[in-house]
Amino acid sequence: MSPGALPGFRDFYPTELAERSYIFRGWRDVARRYGFVEYDGPPLEPLDLYTKKSGAEIVDQLYNFRDKGDREIALRPEMTPTLARMVAARANSMRKPVRWFSIPQLFRYERQQRGRLREHFQLNMDIIGEADVSADAELLAAAIDVMSVFELSSEDVVARVSDRRLLNALLRGIGITEPQMAAAYAALDKLDRDPREVLEHRLAAAGVGASVSAQLFELAGATADEAAFTHIVDAAGATAEWDDLRRYLDHTESLGVREWVKLDLSIVRGLAYYTGIVFELFDAKGELRAICGGGRYDTLLESLGGVSLPALGFGMGDVVLGELLKSRGRMPVAEAMVDVWVAYGDAGSVEDAMRVAARLRARGRSVEYALGNQKLARQLKAAHTARARETVVIATPELSAGEAMVRKLDEKGERKVQLEAWLEET
RNA sequence: GUGGCCGUAGCUCAAUUGGUUAGAGCACCGGACUGUGGCUCCGGGGGUUGUGGGUUCAAUUCCCAUCGGUCACCCCA
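Residues in the first sequence are numbered from 12 upward in steps of one, following the numbering used here.
Everything labelled a hint here was simulated from the structure, so no lab data went into it.
Everything numeric in this text was worked out from a predicted model, so none of it was measured.
Keep in mind that the hints are not guaranteed to be accurate.
Unchecked claim - Subject to a maximum C-alpha distance of 25 angstroms in a straight line, what follows is the list of computed DSS-like cross-link-like pairs (lysine-lysine):
(1) Lys386 / Lys337
(2) Lys337 / Lys296
(3) Lys296 / Lys201
(4) Lys201 / Lys107
(5) Lys392 / Lys427
(6) Lys79 / Lys107
(7) Lys423 / Lys386
(8) Lys79 / Lys63
To be verified - Here are the in silico distance ranges between beta carbons for each label pair:
(9) Arg43 / Leu387: 56 to 62 angstroms
(10) Asp421 / Leu387: 27 to 33 angstroms
(11) Asp254 / Ser314: 40 to 46 angstroms
(12) Asp421 / Val318: 56 to 62 angstroms
(13) Gly80 / Phe20: 34 to 40 angstroms
(14) Lys201 / Ala238: 55 to 61 angstroms
(15) Gly248 / Val48: 49 to 55 angstroms
(16) Lys427 / Leu55: 58 to 64 angstroms
(17) Phe23 / Ala238: 30 to 36 angstroms
(18) Lys107 / Gly267: 45 to 51 angstroms
Every residue, glycine too, gets a C-beta built ideally from N, C-alpha and C.
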């Protein structure tokens with residue numbers, strides 16, 4: 012087999028590009044409706060933009076190299092550091108809160124699997140300069156509306172939300188110490204995957220006692236019963252955090268997306284910089300990787316750009332979303348692109364056909380005709396293969412009377428038209 | 001980065017368990033069809049069987065390596 016694209020990279024043939032464009036259109040449509048404006052930055056950045064302050068785990072998976080100017084640079088693996096830099100540079104002059112979105116192509120040097128390549132496009136939506144949970148609700152609603160615009164419902168996709176502050180307070184409340192926190196998070200993250208004994212063993216290794224780890228497991232499942240959960244929250248002294256989260260959930264109700272949302276303390280976003288409410292979108296069948304993930308990162312702008320502004324955002328990749336749309340029959344197949352096919356009935360009318368094509372194109376129609384001198388039967392066959400919506404035959408006898416034959420796609424008969432009038436209305 | 005499984009035309013798959021020149025459908029191109037498409041019939045291009053070694057009289061088939069894909073780890077966008 013001839014060598015294709017590099018591993019983890021994609022060739023976008025017209026069919027695939029049509030699908031990509033469909034996704035991009037949906038993204039831009041939702042972003043616009045939520046008042047977000049589009050920005051972009053360079054695909055190459057200084058390496059230390061990622062190595063210095065961002066999560067250390069990202070660094071092992073960078074595409075990085077030294078350029079001819081002896082600079083250490085990297086292909087961007089995520090958009091947030093670029094965003095932070097750009098916003099920080101003009102923070103004082105921008106109306107807050109900032110609502111920005113971007114569709115960058117991002118790169119990671121990782122072994123590829125289904126739904127995870129070395130390159131992908133990712134919708135990033137961020138709100139900067141608003142600390143209230145109403146911003147969190149707004150952002151989540153936008154992410155969910157993206158699902159809606161692709162005709163997915165809450166039957167297809169679930170939004171799982173958690174809150175770092177609430178979870179921290181609860182964990183402290185049951186007796187998890189700061190050094191044990193990482194192990195506790197890891198255990199929560201693996202709750203669905205690893206058997207409980209394994210998790211208990213790991214927690215014990217981190218110094219977490221049996222009774223504490225028992226409470227930990229209880230916590231994760233406790234959110235189903237709100238009254239009982241409130242008890243746990245009160246006992247842990249996390250009332251303020253819980254109130255915030257409940258207000259957030261109320262907002263999602265008003266924004267019309269509450270039915271998609273499920274409180275789930277076991278979701279642990281990997282990135283170290285999240286500080287508050289976090290969320291993930293999953294397909295309800297649980298077949299695919301996360302569709303989307305995001306949350307609040309109130310301290311990141313300060314550490315990256317030196318400007319203290321609360322912020323939150325999410326990233327949604329095109330790969331998993333595309334697979335979901337295809338598997339649920341929500342990916343439209345590319346439709347006919349050609350509006351009119353101009354056929355010539357004889358060699359003598361080729362120039363006339365070209366003139367007709369030119370006039371239609373000037374009117375904004377997409378027009379194709381057979382290059383080279385082709386027989387009419389062949390031209391008509393080609394028109395059909397191209398799925399041209401309409402085919403007009405320009406031929407000398409009719410043309411001398413100012414007429415032409417027109418036939419619509421998949422229709423049996425043809426009709427004779429006055430060419431001038433037809434050109435004006437097509 | 002670690003381990004399991006899988007690699008035959010653009011796509012979906014064959015090839016009598018190692019046996020002659022690797023086939024078919026779809027797709028594509030052309031002919032039948034010198035002013036009327038879709039149907040039909042006929043023809044054509046396209047493969048160093050992912051690649052490189054090895055075993056054998058003989059390898060798509062068995063072995064090793066490598067590359068690619070995939071799944072699980074790892075990690076997460």
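Determine whether the Cβ-Cβ distance between Phe23 and Ala238 falls within the hinted range of 30 to 36 angstroms. 52 angstroms, violated
For the pair supplied as a hint, Lys296 and Lys201, is the alpha-carbon distance within the 25 angstroms limit? 18 angstroms, holds
Outcome for the supplied range 40 to 46 angstroms, where the beta carbon pair is Asp254 and Ser314: Because 28 angstroms falls outside the window, the suggested range is violated.
Satisfaction of hint between Lys337 and Lys386, Cα-Cα up to 25 angstroms: 40 angstroms, violated
Regarding the pair Lys337 and Lys296, is the alpha-carbon distance no greater than 25 angstroms? Holds, because 14 angstroms separates the two Cα atoms, which is no more than 25 angstroms.
Outcome of range test on Cβ distance (Gly248, Val48; 49 to 55 angstroms): 41 angstroms, violated
Just to be sure I understand the hint, the distance between the Cβ atoms of Asp421 and Leu387 should be within 27 to 33 angstroms; is that true here? 19 angstroms, violated
Compare the distance between the alpha carbons of Lys423 and Lys386 with 25 angstroms, and conclude whether the hinted pair is satisfied. 20 angstroms, holds
Take a look at whether the Cβ-Cβ distance between Lys201 and Ala238 falls inside 55 to 61 angstroms. 28 angstroms, violated
Regarding Gly80 and Phe20, is the given constraint of 34 to 40 angstroms on their beta-carbon distance met? Violated, at about 26 angstroms.
Lys427 paired with Leu55, Cβ distance criterion 58 to 64 angstroms: 60 angstroms, holds
Within 56 to 62 angstroms: is that where the Cβ-Cβ distance between Arg43 and Leu387 falls? 46 angstroms, violated
Violated hints, in rising order: 1, 4, 6, 9, 10, 11, 13, 14, 15, 17, 18; the structure is consistent with all others.
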